[in-house]
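A.B. asks: The residues making up each chain are set out below.
Protein chains: 2
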Amino acid sequence: MPQRPPARIGDPIAAIDTPALVLDLDAFDRNLARMADATAGLRLRPHAKSHKCPDIAWRQLARGAVGICCQKTDEAAAFVADGIPDVLVTNEVVAPAKIERLAALARDATVGVLVDDAANVNALSDATTAAGASLDVYVEVNVGADRCGVAPGPAALELAQRVATAAGLRFRGLHAYHGSAQHLRHPEERQQAIARATEAATMTRDMIENAGIVCAIVTGAGTGTWRHERDSGVWNELQPGSYPFMDADYGRNMLAPDDIAFEQSLFVLAGVMSVADGRAIVDAGLKAFAFDSGLPIVHGGPRATYVKASDEHGVLQVAPAAEMLARNDRVWLIPGHCDPTFNLYDWVVGFRGDRVDCVWRIAARGALG
Amino acid sequence: MPQRPPARIGDPIAAIDTPALVLDLDAFDRNLARMADATAGLRLRPHAKSHKCPDIAWRQLARGAVGICCQKTDEAAAFVADGIPDVLVTNEVVAPAKIERLAALARDATVGVLVDDAANVNALSDATTAAGASLDVYVEVNVGADRCGVAPGPAALELAQRVATAAGLRFRGLHAYHGSAQHLRHPEERQQAIARATEAATMTRDMIENAGIVCAIVTGAGTGTWRHERDSGVWNELQPGSYPFMDADYGRNMLAPDDIAFEQSLFVLAGVMSVADGRAIVDAGLKAFAFDSGLPIVHGGPRATYVKASDEHGVLQVAPAAEMLARNDRVWLIPGHCDPTFNLYDWVVGFRGDRVDCVWRIAARGALG
Numbered sequence: 026m027p028q029r030p031p032a033r034i035g036d037p038i039a040a041i042d043t044p045a046l047v048l049d050l051d052a053f054d055r056n057l058a059r060m061a062d063a064t065a066g067l068r069l070r071p072h073a074k075s076h077k078c079p080d081i082a083w084r085q086l087a088r089g090a091v092g093i094c095c096q097k098t099d100e101a102a103a104f105v106a107d108g109i110p111d112v113l114v115t116n117e118v119v120a121p122a123k124i125e126r127l128a129a130l131a132r133d134a135t136v137g138v139l140v141d142d143a144a145n146v147n148a149l150s151d152a153t154t155a156a157g158a159s160l161d162v163y164v165e166v167n168v169g170a171d172r173c174g175v176a177p178g179p180a181a182l183e184l185a186q187r188v189a190t191a192a193g194l195r196f197r198g199l200h201a202y203h204g205s206a207q208h209l210r211h212p213e214e215r216q217q218a219i220a221r222a223t224e225a226a227t228m229t230r231d232m233i234e235n236a237g238i239v240c241a242i243v244t245g246a247g248t249g250t251w252r253h254e255r256d257s258g259v260w261n262e263l264q265p266g267s268y269p270f271m272d273a274d275y276g277r278n279m280l281a282p283d284d285i286a287f288e289q290s291l292f293v294l295a296g297v298m299s300v301a302d303g304r305a306i307v308d309a310g311l312k313a314f315a316f317d318s319g320l321p322i323v324h325g326g327p328r329a330t331y332v333k334a335s336d337e338h339g340v341l342q343v344a345p346a347a348e349m350l351a352r353n354d355r356v357w358l359i360p361g362h363c364d365p366t367f368n369l370y371d372w373v374v375g376f377r378g379d380r381v382d383c384v385w386r387i388a389a390r391g392a393l394g
Numbered sequence: 026m027p028q029r030p031p032a033r034i035g036d037p038i039a040a041i042d043t044p045a046l047v048l049d050l051d052a053f054d055r056n057l058a059r060m061a062d063a064t065a066g067l068r069l070r071p072h073a074k075s076h077k078c079p080d081i082a083w084r085q086l087a088r089g090a091v092g093i094c095c096q097k098t099d100e101a102a103a104f105v106a107d108g109i110p111d112v113l114v115t116n117e118v119v120a121p122a123k124i125e126r127l128a129a130l131a132r133d134a135t136v137g138v139l140v141d142d143a144a145n146v147n148a149l150s151d152a153t154t155a156a157g158a159s160l161d162v163y164v165e166v167n168v169g170a171d172r173c174g175v176a177p178g179p180a181a182l183e184l185a186q187r188v189a190t191a192a193g194l195r196f197r198g199l200h201a202y203h204g205s206a207q208h209l210r211h212p213e214e215r216q217q218a219i220a221r222a223t224e225a226a227t228m229t230r231d232m233i234e235n236a237g238i239v240c241a242i243v244t245g246a247g248t249g250t251w252r253h254e255r256d257s258g259v260w261n262e263l264q265p266g267s268y269p270f271m272d273a274d275y276g277r278n279m280l281a282p283d284d285i286a287f288e289q290s291l292f293v294l295a296g297v298m299s300v301a302d303g304r305a306i307v308d309a310g311l312k313a314f315a316f317d318s319g320l321p322i323v324h325g326g327p328r329a330t331y332v333k334a335s336d337e338h339g340v341l342q343v344a345p346a347a348e349m350l351a352r353n354d355r356v357w358l359i360p361g362h363c364d365p366t367f368n369l370y371d372w373v374v375g376f377r378g379d380r381v382d383c384v385w386r387i388a389a390r391g392a393l394g
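As they're listed, the protein sequences go chains A and B. Counting from 26, one number per residue, gives the positions in the first sequence under this note's numbering. Counting from 26, one number per residue, gives the positions in the second sequence under this note's numbering.
Don't take each hint at face value.
Copies of the same chain are indistinguishable here, so a pair counts whether it falls within one copy or spans any two.
[To be verified] Each computed EDC-like pair below joins lysine to aspartate or glutamate, with the alpha-carbon atoms no more than 20 Å apart:
1. K333 to D302
2. K333 to D379
3. K333 to D382
4. K333 to D274
No wet-lab data here; the hints were simulated from the structure.
Just chain A, same shape as in the assembly (with noise of 0.2 Å):
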């Protein structure tokens, strides 16, 4: 049973039940169109980490998306379960009942897994064998995020041929995603990142083909990169999933003169319970917003600063004291980190101009297994 939804379809904005994460439909359509036209000739494969939700799954197919990525075997249940007809597991599922699991949603869509051990491509074969059906599987190298993921060159191509010669795998290619230069501040610092990565992806790539393996596909990318990974000559799927939301996070990144910049479109709508000498507290604290990557930014209009969260609170400093708040005003928050916030919330509310458009379950939210 999810919680009660924060509004109706036709409701105006005003009638929104706070605290509420809300999307404004216009952006994020603008969003997803300037993605799908700066990849045009690539496989955009975006990421659904970010926002858990099937609906938007779909309208990134409806722009032309090959199928999009998760990270955990029940994510990929619910949009399996959904219809979305490809979904790649960005990760690794070593675990038994889970390697089970996926390969049973494997006979439901095409599904991919990465694997940076030989023994995991064993179980791997052996349940996707047991299950009747045959998995998507690409090998993962660490091409600078020192996450998950073997070394570049020869420890690659190991598993590759492994692979390649497992009943019910497919190998389809390399997983070579830099997670940790997403957030890289200066625009010079994410190129030099992924030029590094280009070369250890390439490598490895070539390697393998020489080998005589088909490595179809090279897929990798962030919102903070993907325009590198692009232009590389060896990517040739992305894996963007902030895009179409952005965050405070992402905001903080420098832009090159010519990267694109996308829109915030994500918000969580705050209340306002109580105001007092230049404070007022809101609705929103630690359950309506993720913290890791900082406290949430005041959007618009008032002159205010969300200094302090508690478990239901957030504490907003308000200057000058003309623009103090009300009780029951609304205040307009993006939040700091947008796809663990997504998680704490059962609904999206998606609205155009002043009405409720959508009211969108994040299906997978909580998905953790």
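Given the coordinates of chain A, assemble chain B onto it according to the supplied hints.
C.D. replies: Relative to the frame of chain A, chain B by itself:
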């Protein structure tokens, strides 16, 4: 539709799907007993914002709690729907739609709420009267947290007089909670903060009683300071919320020799997905923990440190190499902050010994309205 439960009653712990929120029921029971014993003679009204779980609230009531607290109207609704007979919303409820929902709840249970504004008193009175119900009302006094609440003294008296004469409302007393004192690290700092709060609360209560209004209850306190409120002579109801569970942040509070310590009973059980070069990657990241109070802490072996989180990955540094983890190993992690971490899960898995003893629904998870 909640997510699939990560375990079944009777499962061995090794069969719990990761990541999962798990509760050591023996430690939990000891914590409940310790607090019940230490507060005998006072009213204990544990805060349920920490757990959002009716099954846990029932166990607190069974140990003598007079009711529970929560912070949101929709949280209260989830507990009242489960039959909890007495719920105090330790917050101002000012939005008209929320006031209407709160008044409706007051038909089914004893429901309390805070006020810090005269117009809000009128709105609550109107809605409660219209609903044919009665609300318990507490005047919130700012005793140092500088969040909501009126100043101690005359402002509180004026509001108490207004409540006492308002139809549909029952003036019950003062809410005096010093939230920011809970995590002062040194016991003397906490003691001094509550000593100042005691003066403010005592003066305000006496002023109200001297005006001929019965101020039956002074309620407040948290897991960091409750013994000072207990011993203050003014508080007669205590609201600690984290003591059944504890977390890494409370673990950083230094205790005085005569403080009562509570045991860490709450963990996130994570699984290792990938290993390399002194690091192990677990399946619990930004969506498995709240990070407002810092990173999770590795519990028990191995000698590893959780050093970095991304959406669905946690990076552990493992040293020495001899203790390196393997794929599918389990790691027990202590959340930085228990309240917003509970809010990420649909289920909490209770265990005794090496077996799953219960799987409780976190029914008010995501109840933001």
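A.B. asks: First find the shortest C-alpha distance between K333 and D274 inside one copy, then the shortest across copies, and answer within, between, both or neither for a cut-off of 20 Å.
C.D. replies: both (17 Å within a copy, 17 Å between copies)
A.B. asks: Within a copy, between copies, both or neither: where do K333 and D382 come within 20 Å Cα-Cα?
C.D. replies: neither (32 Å within a copy, 38 Å between copies)
A.B. asks: 20 Å Cα cut-off: does K333 pair with D302 within a copy, between copies, both or neither?
C.D. replies: within (15 Å within a copy, 38 Å between copies)
A.B. asks: First find the shortest C-alpha distance between K333 and D379 inside one copy, then the shortest across copies, and answer within, between, both or neither for a cut-off of 20 Å.
C.D. replies: neither (29 Å within a copy, 41 Å between copies)
Checked against the numbered hints given earlier, the structure breaks hints 2, 3 and satisfies all the rest.
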